[in-house]
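*Asks:* Spelled out from the first residue to the last, the chains are:
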Amino acid sequence: MDYELSNLRALEAESIHIIREVAAEFERPGLLFSGGKDSVVMLHLAVKAFAPCKLPFPVMHVDTGHNFPEVIEFRDRAVQALGARLVVASVQDSIDAGRVVEETGPRASRNRLQTTTLLDAIEEQRFNAVFGGARRDEEKARAKERVYSFRDDFGQWDPKNQRPEVWSLYNGRHKPGEHIRVFPLSNWTELDIWQYIADEHIELPTIYYSHRREVFRRDGMLLAVGPFVTVMEGEETFEATVRYRTVGDASCTGAVESSAATVAEVIDEVAATRITERGATRADDRTSEAAMEDRKREGYF
Amino acid sequence: MEMMRLATAGSVDDGKSTLIGRLLYDSKAIFEDQLESVERTSRERGDEYTNLALLTDGLRAEREQGITIDVAYRYFATPKRKFIIADTPGHIQYTRNMVTGASTADLALVLVDARNGVVEQSRRHAFIASLLRIPHLVLCVNKMDLVDYDQDIFEAIKHDFRQFAAKLDITDLTFIPISALDGDNVVNRSDNMAWYEGSSLLHHLEEVFIASDRNLIDARFPVQYVLRPQSGLHLDYRGYAGQMAGGVLKPGDEVIALPSGFTTTIERIDGPDGPVDEAFAPMSVAISLTDEIDISRGDMICRPHNQPHGGQDVDAMICWMSDTTTLTAGSKLAIKHTTRSARAMVKGLQYRLDVNTLHRDDDATSLSLNEIGRVSLRTTVPLFYDEYRRNRTTGSFILIDEGNNTTVAAGMILGPTQ
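Quick note, the sequences are listed as chains A and B, same order.
Numbering (my numbering) for the first sequence: 1 to 301.
Numbering (my numbering) for the second sequence: 1001 to 1418.
None of these hints come from the bench; they were simulated from the model.
Please note that a few of the clues may not be correct.
Quick list of in silico lysine-lysine cross-link-like pairs, DSBU-like style, CA-CA up to 30 Å [claimed, not checked]: (1) A:K48 with B:K1250; (2) A:K160 with A:K175; (3) B:K1332 with A:K160.
The model shown is predicted, which means the values in this text are computed figures rather than measured ones.
Please put together the full structure from these sequences, using the hints given.
*Replies:* Take a look at the structure:
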């Protein structure tokens, strides 16, 4: 026996340690679950962390209403199979209640509106720790964020005033009204996630694998034709073999042309790709150099 | 594939960002859209070259000011290893960020400019690496292209640094002459320095032996969480969940629980995929015992004949990290050590250390931001700890300000107060 853990098993051990630490120190944690691959892996790890006990906290989906039906079907099935409690926080409800105003125009997206819905739901559920599936390799602002990311009364992240995070000693102390966002997958890369999905035979929504879909090209991305996107003049629709690398609001998440139909084929593709997943498929990150930092300051995931 | 954590420290002038950029680029961990974005921003800023520092300086304030403020984590992999780089700022005002990055590192990369040799900053970085007990240190003598790849210059720097390092506790020290800008000795051995017979930096990073750095002798299991199903098929199950902090534990082993002092036997150990034959650091497991004894979060499971220190009076080196308060004798703080939380009072400050000269100031009465010193603490409950030099997990702690809840110090235990 060489007493060595592989990269994936070391990451798994670290994530489970973080998840258990939160369950031990916080009264009311919640886990954000979108049905995207990272949140699926995070939920899988949370279930392992507490086996054979049930998950000691609920799962929450911030639902923009602009969904891929495959993902919602998957979400409900996955949560039910685990016997977990699902809370759905709906952006539509926030719009109806006048908390936010729907963007208009062909490029309208509900992406930014999610922040208000999320913060309202955290308050309503009285969550004091919220697990998110964000990874540091995704984006340069995220590369700077702590595993335990402190949020003030307004849910804001202050990147210049983060608590030092040394060894694996996490400081979750906070006052009423404040909360901690916790990122157990901080040190995982996109490739790690896919290799773990392969190792563990984890099921994902089908849109992660290649399929035929009617799409059109906008800003160098392939957007799916559907009820939430307005095809503008001059934009041509066509059918293509695509898959999704990320799952977000259907109005701003692009597909990539791909014939990768199995986990093994996706791993080959991810290992060879020269474009980041957010760069390839997320219009929300393209607005400016600091788009993610700005949204995170406001309380985004 | 094994995982290795690196810590780098330095300023833009050392070529640190260029070096990291090169490692990432040559291992294909930089993507085209990231590079395009960096090229575009460099052009807009009027930089004459593609500024690879923009890849790691992820915050708006960092890009605006052209400095690294906080730790950034970067990832790359070769067929042999996956690497996590904690890229930290080098300036003295960011010592706490350097400590943060160094706390979990297996290897420290310290850069010196071949033209300037060993300067105050390089000595400080080496000291912090040794204080945090990073097992391996690589001194990269960068910008060799600017000194005509002169072997004598390299040897002189090596000699200088060795003299300083003799005062530190560094177990494995390696010197590599490089040019990060041109890639000499970064990924491949350089033709420009035929006199250099060692490995390229990347080859060294892939090959340096880190498995033996872990303590496999002293079994330590801080209890994190108690798993006790409330319903269903597993009503009889009771597992003590946690992450192994040292040594090896197996089913059938006799163990003692601290502080209760009860001994019992390990019945089973569950890993993430069910029962395992052995548990060792850093595995996250759940341990079931044959006897029902009182154990809760913060307790320690270990072997009866190999126990950690237990006590309320400890001496430690600490790095003070608060920019609003100072540490003085009598300060009362919250302490988190392994999974145990308590309160601590500073009984005394023995000395403050000058991180540049290693001079001990015995007359110091306080520690402020980024200052390092030796303190005696008394805690409200006993801690179960090892010397930091023996175990980085059971030998470390953080101090927390009870007023504003921020983490104000990182501590490394020296032993019981004498």
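*Asks:* Evaluate each hint against the coordinates.
*Replies:* Hint-by-hint comparison with the structure:
With a C-alpha separation of about 20 Å, the suggested pair K48 (chain A) and K1250 (chain B) falls inside the 30 Å cut-off, and the hint holds. Straight-line distance between C-alpha atoms of K160 (chain A) and K175 (chain A) comes to about 20 Å, which keeps the hinted pair within the 30 Å bound. Restraint check for K1332 (chain B) and K160 (chain A): satisfied, since their Cα atoms lie roughly 26 Å apart, inside the 30 Å limit.
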